[in-house]
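Student: Spelled out from the first residue to the last, the chains are:
2 protein chains.
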Amino acid sequence: MAKIIDGKAIAKEIHGEIADEVRSLSEKHGKVPGLAVVIVGTREDTQSFVLMKRKACAEVGIKSFELGLPEDVSETEVIATVHELNANPDVHGILVQLPLPKHINEDNVLSEISIEKDVDGFHPLNIGKLAMKGREPLFMPCTPKGCLELLSRSGISIKGKKAVVLGRSNIVGLPVALLLLKAGATVTIVRFHAPDSAKIICEADIVIAAAGQAMMIKGDWLKPGAAVIDVGTIWPDSYS
Amino acid sequence: MAKIIDGKAIAKEIHGEIADEVRSLSEKHGKVPGLAVVIVGTREDTQSFVLMKRKACAEVGIKSFELGLPEDVSETEVIATVHELNANPDVHGILVQLPLPKHINEDNVLSEISIEKDVDGFHPLNIGKLAMKGREPLFMPCTPKGCLELLSRSGISIKGKKAVVLGRSNIVGLPVALLLLKAGATVTIVRFHAPDSAKIICEADIVIAAAGQAMMIKGDWLKPGAAVIDVGTIWPDSYS
Numbered sequence: 001m002a003k004i005i006d007g008k009a010i011a012k013e014i015h016g017e018i019a020d021e022v023r024s025l026s027e028k029h030g031k032v033p034g035l036a037v038v039i040v041g042t043r044e045d046t047q048s049f050v051l052m053k054r055k056a057c058a059e060v061g062i063k064s065f066e067l068g069l070p071e072d073v074s075e076t077e078v079i080a081t082v083h084e085l086n087a088n089p090d091v092h093g094i095l096v097q098l099p100l101p102k103h104i105n106e107d108n109v110l111s112e113i114s115i116e117k118d119v120d121g122f123h124p125l126n127i128g129k130l131a132m133k134g135r136e137p138l139f140m141p142c143t144p145k146g147c148l149e150l151l152s153r154s155g156i157s158i159k160g161k162k163a164v165v166l167g168r169s170n171i172v173g174l175p176v177a178l179l180l181l182k183a184g185a186t187v188t189i190v191r192f193h194a195p196d197s198a199k200i201i202c203e204a205d206i207v208i209a210a211a212g213q214a215m216m217i218k219g220d221w222l223k224p225g226a227a228v229i230d231v232g233t234i235w236p237d238s239y240s
Numbered sequence: 001m002a003k004i005i006d007g008k009a010i011a012k013e014i015h016g017e018i019a020d021e022v023r024s025l026s027e028k029h030g031k032v033p034g035l036a037v038v039i040v041g042t043r044e045d046t047q048s049f050v051l052m053k054r055k056a057c058a059e060v061g062i063k064s065f066e067l068g069l070p071e072d073v074s075e076t077e078v079i080a081t082v083h084e085l086n087a088n089p090d091v092h093g094i095l096v097q098l099p100l101p102k103h104i105n106e107d108n109v110l111s112e113i114s115i116e117k118d119v120d121g122f123h124p125l126n127i128g129k130l131a132m133k134g135r136e137p138l139f140m141p142c143t144p145k146g147c148l149e150l151l152s153r154s155g156i157s158i159k160g161k162k163a164v165v166l167g168r169s170n171i172v173g174l175p176v177a178l179l180l181l182k183a184g185a186t187v188t189i190v191r192f193h194a195p196d197s198a199k200i201i202c203e204a205d206i207v208i209a210a211a212g213q214a215m216m217i218k219g220d221w222l223k224p225g226a227a228v229i230d231v232g233t234i235w236p237d238s239y240s
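Protein sequence lines, in the order shown, are assigned to chains A and B.
Every letter in the first sequence is one number past the one before it in the working numbering, and letter 170, counting from 1, is 170.
Every letter in the second sequence is one number past the one before it in the working numbering, and letter 219, counting from 1, is 219.
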């Protein structure tokens, strides 16, 4: 019988721990962590992500700031907003909700976020430190970190295991592969449409499906006892 | 019959191309590229690497500068040397020969090399850009780049192939895996002592052995027609 990793229960547990940390930070240092989210345009999926973040902040006591900018805002104006947030002492983390409209270069915007406030961990300096042995990033990208939390809180060890990551996006596939590697797994990174992808998956102890769509891996592809995390469908335009 | 990749012939070809580029740079802009190598102590392997670099520079017309520092030099003095080279307009590339003596923190020193002169490509910002899709590092670490040159100049395509990298050092294993991934391979990164490493290697189209010792992979482990590059024995203390 398959055992289901209860993501909602684990999330609740983590929310409780963070709420405790926020409370103690506030009592000891009189500081409340602040998270700013920059939203450009009115994409529906963006709005629902932002709503989820706002709710999560409220639950754990993090102050959230939302900066909505119109769809036709210029890159310069988005960058100016980022600079203001970099300078704002009440803001400790900055998220720029992706994807941005096509006329704005995402890399240019993300590179302007102060490295100390880059809570998404997408800055190349953070990704480099995440990749390198003996270095630690200031922040880890959230979905990859979530995958590792789900494994460790479900009692699944990583060291020495064969892990397969399906997908190699900068947001999920690549960083989760790098984290699994750092945790001592043998890691294979494969595109869904690569030849042999099913054969590679069937040999894995741990499978992270981050191919841009949910439910692409079939149950009968899996080795008995394999741990599977399906990241689902997020920002399909960011995936390969 | 196995076909041997003739590394020496390919190196000669590349030397010729670089000599042409250096000559045209010098004719058109009156600039001669300069490479500075910082050497601490008198390790024998270090001396022979430096000698090889000096010879290669001389062959292609690059001006080389060598800065020898005593074994007991302080970290502060090494960093001061790096700062001087950063500011020297005749120096376009800086190599700090690794490993450094134990009392010096390598990361502290390497992080001080100006990103525009980090020709070893070991700065985390460079590694991050090398890892990320849609980003390009200013410089690629030389051994990994050499592996890809050997493959491409031997007519071996990478896209869609199954590649296995043995070893995950910051200097070879990790960056070569990231380069193969960017070139479209399905990439597995495995430690030599991992369970199943022989089995994983026998399924690969391309094998890069970067486990810190030469000749660790046996011929009968390989799939017929597989391309193998054995990086050999370099800096054993830097490998895992």
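Simulated from the structure, these hints should not be mistaken for lab results.
Be careful, since some hints might not be right.
Straight-line distance between alpha carbons at most 30 Å, and here's what the computed DSSO-like set of lysine-lysine pairs gives [unchecked claim]:
id, chain 1, residue 1, chain 2, residue 2
1, B, Lys53, A, Lys159
2, A, Lys199, B, Lys223
3, B, Lys12, A, Lys159
4, B, Lys3, A, Lys133
5, B, Lys28, A, Lys133
6, A, Lys31, A, Lys12
Student: Taking the numbered hints from earlier one at a time, note which ones the structure violates and give those numbers from smallest to largest.
Tutor: 1, 3, 4 and 5
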